[in-house]
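Enquirer: Okay, here's what each chain looks like letter by letter:
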Amino acid sequence: MDAGLFFLFAAIALVCGINVVVQTHPIKSALSLVGVMGALAVLYLLLGAEFIAAVQVVVYAGAIMVLFVFVIMLLNADGETRVSRARLANWLGIPLLITLLGMISYLIQREIPYSPRVVFGAFGRGGPRDVGRLLFTEYLLPFEVTSVLILIAILGAVVLARKEIE
Amino acid sequence: MTAHVPLSWYLMLSAVLFALGVAGFLFRRSVITVFMSIELMLNAVNLSFVAFSYQWRQTDGHIFTFFVMVVAAAEAAVGLAIILTVYRNRSTLQIDEVDSMRN
Amino acid sequence: MNFFLLTLIKAGIVAVVLLTTLAYLQWVERKVIAHIQLRLGPSRVGPHGLLQPLADVVKLLTKEDVQPREVNRFFYIMAPLLAVGLALTSIAVIPFGPTVEIAGVETNMQLADINIGVLFLLAISSISVYGVALAGWASNNKYALLGGLRAAAQMVSYELPLALAIASPLLMLNTLSLREIVNGQEGFLFGFLPRWAIFQGPMPQLVAFAVFLIAAFAETNRVPFDLPEAENELVAGFHTEYSSMKFASFFMAEYANMVTMCSIGTTLFLGGWHPPFPHAFSDFVPALLFFGAAAMAFYHGLNPARRKDRLTLPVFALVFAAIGLLLLLPAAQTVLVPLFWFVSKTGFLLFVFIWVRGTLPRFRYDQLMQFAWTRLFPIGILNLFLTGLLVALQK
Amino acid sequence: MQHLWLIPVLPLAGFFINGLLGRRLPKAAINAVACGSVLVSFAWVLKTLSALGSLETAHAESYFTWIESGALRIGADLAVDRLSAVMLLVVTGIGFLIHVYATGYMSHEGGYYRFFAFLNLFMFFMLTLVLASNYLLMFVGWEGVGLCSYLLIGFYFRKHSASTAANKAFIVNRIGDFGFTLALFLMFVKFGSLDFARVFDAAGKLPAEVSAGWLTAICLLLMVGAAGKSAQVPLYVWLPDAMEGPTPVSALIHAATMVTAGVYMVARSAALFLKAPVAMEVVALVGLATAVMAATIGLAQRDIKKVFAYSTVSQLGYMFLALGVGAFASGIFHVVTHAFFKALLFLGAGSVIHALGGEQDLAQMGGLRKKIPITFATLLCAAVAIAGIPPFSGFHSKDEILLAAHHHAPWMYWVGVITAAMTAFYVFRAIFLAFFGEPRGHHHPHESPPSMWIPLAALAALSLGGGYFHVSRYLELMFGPGEAEHPASLVVISVAAGAAGIALAWLMYVVRPGLADSIAQSAGVLHRLVFNKYYVDEIYHAVIVRPTIAISRELLWRFFDAGVIDGMVNGVGTRARGIGGVLRLAQSGQIRSYAAWVVIGAVFLLYTLAMSGDGQ
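Residue numbers (the numbering used here), protein chains in the order written: chain A, 162 to 327; chain B, 372 to 474; chain C, 29 to 423; chain D, 4 to 619.
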């Protein structure tokens, strides 16, 4: 059951992830990304991260991606043109990617040779109570700083988007 | 019946998703798609945070994920506002055409 | 009994009841609006138009499914599915009643009792924007697109006050599980005032409830916030290009959303299945009400306004009386009485939705956004802050 | 816990409210916030003191660690003992009266909210200074009051003279603060702490012969700081110019409270000074010199506020004289009485100026006695008090100081008595010129509003009876008992000197008004010297300011800045441009290429990670 769920949603995540990259129209990429996020939310649940799973859907899928879709619809963004000037990225891209992936997988295999099996429900400290307690005690300062960051981001976004009116 | 998956598979999935994000960043030419590739990379990293959290039986990884999400939200707000402004000024969303910083 | 089988049975029951309710909700709405406007409403199909929903279903199913040429096919089809699917999903975590024992099987009157139920609801409500937004975009029609954009902006904006309003009772009840939330509202203050969240100390959540209701109107795109489908500006908004069953799906999604929102309101603020009167008395109130209804129907059947009422009203009277009798059976009482209170509270909220639709005009779009950000949002934050403060002080 | 922090924080809250919202608040609200916060603070002082009882030992409260670095630990610690209790009462009490006065005086001025915000900020810093239980926190208050003084002297910043005066005050104070800072460094090096209790404890344990040199240095540096803040020779020059500020500021900051901070600081450090007799002698001499010099300058000034300013300098000299001869309690006593009568003098002068619509020149006044009787009466009280006529408050404290000086060295007593006579003379000169004789200007004087004369009346009562507070007996617990009995003749002589000064002024300015001018004529050089304040400002300008500017320009700017630093910067710039020209090739402007660079970096990082240590 656990393995089945993992494979199902890992596959969804992978397919949607590939789709994000290969789709030509931004809105299709965006919705594929929503798919990745949904699949990841389920994987979080399997890993015992209930709160994070819910927040993933609320914040990522429900707020950030809606914003993306909104902007894409607003600008009526189309596919891409042929212009491609970044020579470095075009030539080096594929080999770089392969090296990167190879390095990471090598490191994962080396550093975590005996990784534990993931059993659903084995880790029970990912509920809102635990996360909240940690967030408001040990990580209180980062939390407050983040709220300031968000405030700044709101101001920045408003200022940037406002020019339209002039 | 209850087969279980090793944790490293989650990490591998995370690595592959991250690489996909990088690929999107490197090869896609629409600003919005590039931006979404960044979000994909962040998601991949989040997955590994949560996986590590599972491995060490500590909630701290979740906190990091939480912060990543919050920062991603802020980033999306500002980033999309910038994209709107760029589109207004240049009426293009092709990232390669936005190169006034050249040289 | 097997967990999966049990869940499947419950899901089947809920689905049938819910879908029927949705169909009849439309009939109720038309009837109520008609009476508000001094009309009769549907009255041709069946007695008092009771078979009207059936006729509508048949009509929508058999109509030609027009699909414009320039639409994005995949998303065009996906959008209504998404809308109705998400709308129905939320109902899965709503508790209708306490844990009961039926035929030796102990079970919750709830499909899934998850400990982050409230977060689940918020998550579902936050992604239900996609259905509307996608429909608008995929239709390749400027009215539809504008409707979709409006809907997206509106729903995102009102989600904040909604979440803030929902968070306030959570602070007092100290849990995210909907079942525990309802349990936390059991009992009475001073012996008569139910300890519902809107009355409970340290901070009665009346303000939060008001904010919740207003935001719920906007989230479900109902009057006075139905701008995404404002017909005098946008033809029919995001579902301009939809017809037949796909159109029906949007229609159904709207009603399903209403039902969900009202259920959430009942659960979070109005004490869920807990009766408004002390127990000994309240067990018999439902039966009495049904007997009263039966008596009334019977009386009108004896003095019919129209000829066919002579037959139909006594039949109704019999049905009501039967339900009343059923409610008196001790075995059925444990299941049906909580359900009765839950349904009647939700029904009252639904009536408010319809009532408002029959009363208020539509907002202008800038007013709508302004209202969300400059009125509702600060009020929500203030209420949340005060609640938190009082809860902290109490401890 | 007595919540001492409330005392300074209340005015701070007032500052924030008025400073941030003041622009939108009505005047009544600004008044309520400004005066209310100080009044509540005053009430809290009273409540605290009554709760703490006789205060035989200091009551300390520590809130949090402010700075912690190595051996250095500075806490946000406040403490109240008898010395700070006296100062607290003076600061908050007089401060409140002056706030009330200012609501009347400033009612027609622009920047109303700004004025009160600064005034409240000043109260915050002053109270921090008084309540601090370590030197660094005291220094915070010290600098803070300096800042507020700067802001308020330059309140009329559109007036060139005001902004120059503000700069002057700030810069001269810098010199003093430099000394104070050095003293703090030395203190930390020698004692390893800046807490009052620990420093005094450590100093007390040092054997005299070991410590004398260091302690003398520390004390002299502290004295430099005190001389700057309290306007002693040679750093007194800023105070007369500071009169450019609004009159309530002159009264509160430049007469009653801030300028006595130096006295307070030296008294606070009594434990150190007592072990450094040389420093004590210097303090006494500086005080005496200041007293005489300022008094002589005061004889010939024409601006009413300047007269009182020099009088302040002179009286501060008295206080330092008291400290220097070891009569710390008497010095603080004089701080208190001086706060009463000098605040009153300034507020009265403010009332006169207000009545005359901004006129400050004594030559343009005259005959005001009948026009503004309340002001006259209260001002007369203050003048009698400062002249040292019994039983007014000034008599008690000045007498104690003079007796202590006599005990220390009789010649100091005689100089002090002469100064007292001069003080009486010039203060009454100002009174007579302003209120007697014929009106000389073309003004239509009017009596001030109640918000102004009620504080005047209150201060007049304090000036009359303030001498019976027995501050010095209250402080005996801290500084030891006062001097033994003295022959009554000394008291008679000093009173007679004061009376003689008054009589002379009466003779010269009321009975025979022409006499003053003819004396000035015949004195010639001497008069010009005094009238021009001994040319101190000119000398400072020629000896210090001009050479400094010249050195700055020639050496620092022309040679060092333009030659060395710019050369280095330009050289770096040229090299950077050269390197940048090469690196520019990588700057394609293509975000995707940049991303590729990032990925290359990441791969490299992973590579080093993979190479280093295999798994441990």
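Since the hints were made in silico from the structure, they are not lab data.
Bear in mind that the values here come from a model prediction, so they are computed numbers and not experimental data.
It is possible that some hints are incorrect.
[Stated by the list, open to error] Only part of the chain A face toward chain B is listed, based on derived beta-carbon distances under 8 Å: (1) 204; (2) 208; (3) 273; (4) 279; (5) 286; (6) 289; (7) 297; (8) 301; (9) 311.
All C-beta atoms, glycine included, are put in the ideal place defined by N, C-alpha and C.
Enquirer: Hint numbers the structure violates, sorted upward?
Expert: 6, 7 and 8
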